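Student: Go by the hints and put chain A onto chain X.
Residue numbers (the numbering used here), protein chains in the order written: chain X, 1 to 341; chain A, 342 to 932.
Check each hint, because a few of them may be wrong.
[As the list claims (entries may be wrong)] With a straight-line cut-off of 25 Å between C-alpha atoms, the simulated SDA-like cross-links for lysine to any residue are:
| id | chain 1 | residue 1 | chain 2 | residue 2 |
| --- | --- | --- | --- | --- |
| 1 | X | 60 | A | 626 |
| 2 | A | 769 | A | 832 |
| 3 | X | 314 | A | 470 |
| 4 | X | 60 | A | 617 |
| 5 | A | 609 | A | 638 |
| 6 | A | 468 | X | 313 |
| 7 | A | 758 | A | 877 |
No lab work stands behind these hints, which were simulated from the structure alone. No experiment lies behind these values; they were computed from the predicted model shown.
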Amino acid sequence: MLFLVQDGITNGAIYALLGLALVLVFAVTRVILIPQGEFVTYGALTYASLSSGQFPGTAKLAVGMGIVAFCLDLYFGRRSLHRKLILRAVAVNLVLPWVIFALTSWSSAHPSGIAVNIALSLLIVAVIGLFLYRIAFQPIAQTSVLVLLIASVGCHLAMEGFGLVFFGAEGQRGPALSNAAFNVGPLRFTGQSIAVYGITVALMIGLWLFFGHTLTGKALRATAVNRLGARLVGIRTSLAGQIAFVMAAVIGAISGILIVPITTLYYDTGFLIGLKGFVAGIIGGLVSYPLTAAAALLVGIVESFSSFVASDFKEVIVFMLIIPVLLLRSLAAPAVEEDQD
Amino acid sequence: MAQRLPILIFALVMAVIPFIPGVPPFWLVLLDNIGLSALVAMGLVLLTGVGGLTSFGQAAFCGFGAYTTALLTTAYGLSPWLTLPLSLVVSGIAAVILGIITVRLSGHYLPLGTIAWGIGLFYLFSKLEFIGRNDGISGVPPLSIGSLKMLDPGTIYFAIWIAVLISALLTMNLLDSRTGRAIRALRRGHVAAEAFGVQTPRAKLLVFIYAAVLAGLSGWLYAHFERAVNPTPFGMEAGIEYLFIAVVGGAGYVWGGVLGAAIVVILKEILQSYLPYLFHGQGQLEIIVFGILLVALLQLAPTGVWPWLMAVFPWKSDRKHPDTSLILPVRPHTVAATGSGPLLEIDDARKQFGGVVAVNNVSFDVKPQEIVALIGPNGAGKSTTFNLVTGVLAVTSGKISVLGKPIQNATPQDVVKLGVARTFQHVKLVPDMTVLENVAIGAHLRGHAGALASMVRLDRADEAKLLAEAARQIERVGLGDQINQLAGSLSLGQQRIVEIARALCVDPMLLLLDEPAAGLRHMEKRQLAALLRQLRGGGMSVLLVEHDMGFVMDLADRIVVLDFGTKIAEGTPADIKTNPEVIKAYLGAAA
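Chain X with its partners taken away, still in its complex shape:
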């Protein structure tokens, strides 16, 4: 029984990370980030490709998205084009992805260590996250949660399709961060699972410090509460959205890198993993970090128990779990009338 709990907690820790990222993005941008799962697969499979000396297609995607983002920056800023703006657009949208692209192709030609591969994977996915917000969500940042949600679903479709193009239909595994392993009583702890716990806890504490104790973190929270109000006090809400997306992308990629040594990941695995993080995020009401983390552990444990007891209906059970929770949430906090549509 205990090993089921252990398995559940390992999965739950990953769901917790994803749940936190979802809460973060929703709170700041009101986007329900369905493509969170793609960040997971992109991170994991980019890392796996680099480790096996292949060039990951995600680096090309980053360059392509950068070009689109650059055009958008110029188009929307066309009335006030000045040097600083153009230089920033060139640096962020063109130079940065090209540098990453060059590093990636060098690295895939010269096999390098795990640390370099991880750093590159995170960089690539972070840049994709940044451009995703710039291209897909920044132009419609003012619209309703619903429109953003549908756009988010569109992004998921496109990114999943790209995932298939870049990584093929076969699953991949990556090298473990550590091959150490030891036993405590009947339980066997691997270095990888310790890394999962450690990094999850570290990221949570990091997020807590960031939001509680830094000016940027507080600005993000202010954006979450009231976009207009935040703008009026000089917070650039589009920058806040970009930061939130970069953070979510990095968290997603880290989760992916953490699990790819444990399970084989396919181009479309991320969606389901992301959705389970989602179940946790929703249990946490898309606002509470500690509740989300606790819920994620619960989801992980329910999943590992139901895969043991009724493996066929594992997914059914996990997703149906959400409905009573949603109901309780809705009853506890009845709809606030949205005056704007």
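Tutor: Here is chain A on its own, set in the frame of chain X:
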């Protein structure tokens, strides 16, 4: 009947297509697929575009319809025509069960909930032994009439498109009715609809079931079209695609669903056949293009293609002015209320939000044929008092009664039934409905036709009376010229007047007006005052919140002054003007 002409032409064109010599059978397959998708999308138009309830899970309801008929026709040898009602009933029952839970979800919880059960049901379909797990059920018999078996795409074509046309007609009839107006009001939030007696949870459940039954119909047709079912077409991806279709076509328009289905199905076909040539065929490239197009569409044309098409080809829809000679029965208690005793009695009412006391043990009453004004500085608790009286908020303690009947725990729907109608401080009209339709919502409780009657047009007598009453009230408030304009196109002041007309449609004995004169010009204010006096003369009472002192002092019989939730004065306008407490509250105390 002129409005039906384009539909008739469309039906004729569709009927002729299979008989045109040289039409490739492949085109008919495409048209069949368009029809199948259009049915589901039409349900989504009603659910999402009109009712504001986004569902990613519609494909699951297709699954219920398809699996029901597949199982019953293969395992039990039932005739497909016998399984048609059963398929619809099964999807409907599934919708009732899921809907009772889902429609209670608020805001973005609702689409998320549909994603969750959509995925859950997909896995259920693919894991259940008796419906063949991942392999599904094959060997489903074709539809047949006598000896005619609908085996090829050219014959089932007729079954599919007859279903589409009938569903479109029924849906349009439903939208253009008493129930339809209630549904269309849902998207703008439930407070306004409930204030006129609409049972919003029931209306939401109704559209949810309606959309599910249409999806079930599509599933039933699909099963007999493909002659096999498996879980794949009922998963999340299909659910997303249906929503995409509705958004592309124009989520608020019945024909937008059909147009969207045509665009998406054809586009998908083109992408699937040409993209591999362009990119040396690897992966599901159409998915990528799809996703990107969806995002681009939301940025460039969030309302879809249909409204854009309508703007390019402006069909004159000459709306008839309703026949105002038809009379709705007035409520008997309007007469009874003119006896003695207070009409509305507020006794020690208190409302706390956590530690904030918004209304602090306030008592006052409104007598028959009296205009009472509730005034006070901002944040005095005036609107909260309104919400307590109309059942939007529940009192923390105290008593409120109308004609001696306690209403402090009543719902808004119950309060309006007693003849208490209101307007809102922040106008709550449906901007894309005409003035007439908006005002007719006020008469909701005075009509009786249900959804089914409306779909088959048995509601016309009832409907004509409702519209006549609405038109009369619109003329009474002086907006006769704007009757067929969209409510959103009027000035804010005019919209406030539309709200008054809507409230008058209730045939109220007590009218609650929340800042009716805000945004009105001088002449309009005088007209409003004259109207209110006339209403009082006709036996109505008015309780109004207003900041325009000139307006209030001229009009009101009695004034109640609130400050920080507490009643500080009550009396005639003359008394109030000289009351030191009131002067202090408004101007501050001289030190």
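Student: Which of the numbered hints are not met once you compare them with the structure shown?
Tutor: none
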